[in-house]
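Following the hints, position chains B and C against chain A.
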Amino acid sequence: MNMTRTLAVSAAMLGLAGPLHAAGVPDGTKLAEEQSYTFWLLDAIKSMDPQINTDVEGSDILRNLFEGLYNEDGSGELVPGVALDHTVSEDGKTYTFNLRDDARWSNGEPVTAGDFVYAWRRLADPATASEYAWYMELMQVENAAAVIAGEMPPDQLGVTAVDDHTLEVRIITPLPYFPQMLVHGSTFPVLQSLIEEHGDDWTDAGTLVGNGAYTLTEHQLGERVVMEKNDTYWDAGNVTMEQLTALTINDQDQALTRYLAGELDRVDIPAGQYPRLNEEYPDQAISTPYNCSYIYMLNLSEKGPEALKDVRVRKALAYAIDRDIIVERILQGGQRGAYNWTHWAIADFERPQIDWADDMDQAQRLELAKELMTEAGYGPMKPLELTLQYNTSEDHKKIAIAASQMLKQIGVNVTLDNYEWKIHTDRMQNQDFDMARYAWCGDYNEASTYLDLMTSYSGHNNGEFFNDAYDKTMKDSKTATDPLELYQQAETILADEMPIIPIYHYANVDMIADDIKGLPENNVNNTWYGKDLYRIAE
Amino acid sequence: MLSFVLKRLAIAIPTLLLLIVISFVLMHSAPGGPFTAERELPPQILANLNAKYGLDQPLWRQIVVYVWNIVSAFDFGPSFIYKDRTVNEIIAQGFPVTLTYGLLSFVVAVTVGVSLGVAAAIHQNTALDYIAVGVSIGAQVLPNFVMAPILVLVFTLWLGWLPGGGWQGPEYLIMPVIALSTSFMASIARITRSSMLEVLTSNHIRTARAKGLPERRVILRHALKPALLPVISYLGPAFVGMITGSVVVDIYFSTGGIGKAFVDSALNRDYAVMMGVTILMGTLTILFNLVVDILYGWIDPKIRY
Amino acid sequence: MVATAEQRVETHGLVAKGRSPWADARRRFFRNKAAMMGLFILAFVALFALLGGWLAQWSNEELDYNVMGQVAELGGPSFASGHYFGTDDLGRDLFARTVQGTQISLAVGVVGALIACVVGTLYGATAGYFGGRTDGIMMRLVDVFMAVPYMFVLILLLVMYGRSITILFVGIGLISWMEMARIVRGQTLSLKGREFVEAARATGVAAPVIILRHIVPNLLGVIAVYATLLVPLMILTESFISFLGLGVQEPLTSLGALISEGAGTIAYGTTWQLGFPLLFFCLTLFGFFFVGDGLRDALDPKDR
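Residue numbers (the working numbering), protein chains in the order written: chain A, 1 to 538; chain B, 539 to 843; chain C, 844 to 1147.
Since the hints were derived computationally from the structure, they do not count as laboratory data. The beta carbon of each residue, even a glycine, is placed where N, CA and C say it ideally should be. Worth double-checking, as some hints may not be accurate.
What the hints assert, rightly or not - A partial selection of chain C residues facing chain B, derived with a Cβ cut-off under 7 Å:
| # | residue |
| --- | --- |
| 1 | 990 |
| 2 | 1082 |
| 3 | 1086 |
| 4 | 1110 |
| 5 | 1112 |
| 6 | 1125 |
Extracted from the complex, chain A is given alone in its bound form (with noise of 0.2 Å):
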């Protein structure tokens, strides 16, 4: 197979269909007075360093401030940012970036490969003590991990300017989807000498150069950040939206209230209300599934429970829960009952055949779950009393109730244990927990994102679930042509251990305003950018 790929050709398609006065914008539309989009943040922006942040919400804010080398468009296909294109090594090792030369800082400089070099090796060093440090790790980059862990200087970083537009990067496997990767926040490039004067206040709204679409000019902690149209940016001609403003609303039910005002022109949609709303609005209300996957983690551990340890008992678990019941009386948001790990939506994967997701009906798994806890030797005599832990949330609540109740119909007795988030994590990765709500976003579209969180060296197998074959299959999947087949063999590996409970597979259930266009449609990331947006004239 030649492992040499390029975007140069889909970029130069692109350059060819692109329309005259926006992206996206097509041609005869009608755009309203004032092009400002209005969205919403659960919770305060917690850093708008890009080395720094580790939010989703702060991803969104990042992806308007600052530009990576590729962009998603509304269907996750990669696009041009920085970078035009580029090219791979035969080993598909090395990987060199074609930077574009019209790319400039909101100061006016131009943005360059060195740029890029110094974000990436300040990700690594230790002593920027970034939380998200491993993610150089995750792409595999030449030395990040001797680097992370301080045993080497960061520029020994596999990261390279070999001229001012040209970044070659060296990887120590070949990973297929490697510039997916790219769109992720914490690769963004960042202005040195910005950096070295102000040090940690270089954030600031008036402070702040990025090269991104937008520039920052508010941030109100925990009430608003007020970005407006950046006019050095390589592509501003492109761009319409003239204002994008997060409002920081805590509740989620009082955002929909200011939704329905008018304040807002999309907020989340609280569990429950989407049939509702979609009667209401059906032109608002709008459902696309969602990069990631709610299940409950089993503790397979020295530390965990006995009966754990007994695959009768993690399947009869993972049988008696109604996946049905939970996605459509309790969140009725589109979201899907889960069977499997990976989300259905995920492209290039299909679920394989699996026979209590697929040759059962919910009466027959309970049945079986009921047989298969008395073999196991537990009955109402002898019930089997475990603990349910989920961080606070409505949400995690009534879907941890829900599934309280469904394990009493095959005997377990189920203890509600609901921590902050920080004692969750901490819980489950000292191994103090039963049965714990975990829930896993993709960090790219492919498969691996989800199905190496469950190798025995994966930083988040929290329930220590070792098994040999599994690890050998996802490493093996490194190096497949087509590693489809592994995926699935590693999914039904997880459905004869059920080391974990699948729950659902998520959506985004957003009340959009009519009037505002150019989100994704189809991104199961539901990565946006502001310069795509348009708001048209009513």
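Then chains B and C, alone, in the frame of chain A:
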């Protein structure tokens, strides 16, 4: 008088020290640190983070350094979670907000509450009295986290008169102030009413009336001052209650104030912000109680310092 | 949070009153209409909390799958479905949950107030009895504690150690004993010089015994008034904690938790989720306020 003030201020120091020690011990003995992340951090990075925030030092040393930084430079350190901000910056942004709607609520609660109470007392057993008593009893038990969403529903969604939240101009103040002041106003009205009734039957009021002074003058000049004594002693608890209420206001009206900052910092283990806000609130409580005591002495000549 | 200081107890003269003060007080109390109404309300709420479970057709944790998912349409109050108060968002019976929530709220209020009273009384009586430097130090300490933003400390406790009803009880109790200690100390100072205390001391009775046997019993009136007025404050505090999501663990609930859930969904056509719990919440608070006011007026001989 001066020595009284100084003595009270002297108490502030051990109080704040105690507060710092309690908070430090509480925070550091609990599971889950500020850097507990979904993925366990590489050891070198964790070590650097701990060093940056001084968490690698023994507890007593952290406390000493913390206090020293405050005393010598008024520096509350960097926030653990809002990595590009210091605690000073966070407080500088949020505190004026909280102070604005808090003070306004306080003024509204006292003026409206006292007026309502006096009016009800003067017109005892009339319709006005019954309405005032009924409303204030109801308002007293209605939690502000119930009132806030109802206000937004009515004034923002249904009537469209007021913005549902944010902090941009005077109209953004109205709902926060209503939500925060109502229950205190109700309490003050009830207290004023009952103490006014008591004062109105006392001897010196009878004397004043016997002298033929106009009723208005009797009430304002002679009755009001003593009747306010119990109101003033209620101001302390009211102040503390308003600090708590600011959390609800910040959550529902997205004002970006200090109350929400505290809850967030507690939930996220942002030790620095948590300490900073707690110390700020403790100091304010001490100062406020001092003001109340001075006020009390000014109104009641029987009290000597 | 409503902190009400008409609950400030008028104490002077309470103890020094002459013959049969209790009988007088009882008469005054029973003549007070508001207090009697309060007592009646409290009896009703207590009966509801204790016996309501028998009337409920559902348990407080069962999910009604017929209603679940269409709560706004099908989950309203109805005798036919057995959900007298309707259901919550998950289809759980709100009647059973209100009964159980009332139990928790009452328990938190009463236990919290009890802890505050016990700690406050012992502390205040000890300080007052020993007087001098001990008194000085102990009362300065109270001043120090009173300046602590207690709600913040309570939030810290619950966040740091996870929510549990024990921490809630103890936390709520421990943040409100200071006022009690001050009042009791003042009373003790005046009792200390009285003949029966002098006599006990002269016959060599140990200090703890004097405090428990001779001083505390004479303070019961003050303590009762203060305790009654403290209960609603505890219930309000708990409701705030529940609003922050730091209250009792599911499937248990409290009135505060139910109200805060109901208030959140007020725009979605399920007003009964707010209405019924709020009704019982208000009734409980009214009851305690009225009875407390009545007790104070009854035990305070000063004529109104």
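Cross-check of the supplied hints:
| no. | hint | in the structure |
| --- | --- | --- |
| 1 | 990 | holds (5 Å) |
| 2 | 1082 | holds (6 Å) |
| 3 | 1086 | holds (5 Å) |
| 4 | 1110 | holds (6 Å) |
| 5 | 1112 | violated (12 Å) |
| 6 | 1125 | holds (5 Å) |
Violated hint: 5 only; the structure is consistent with all others.
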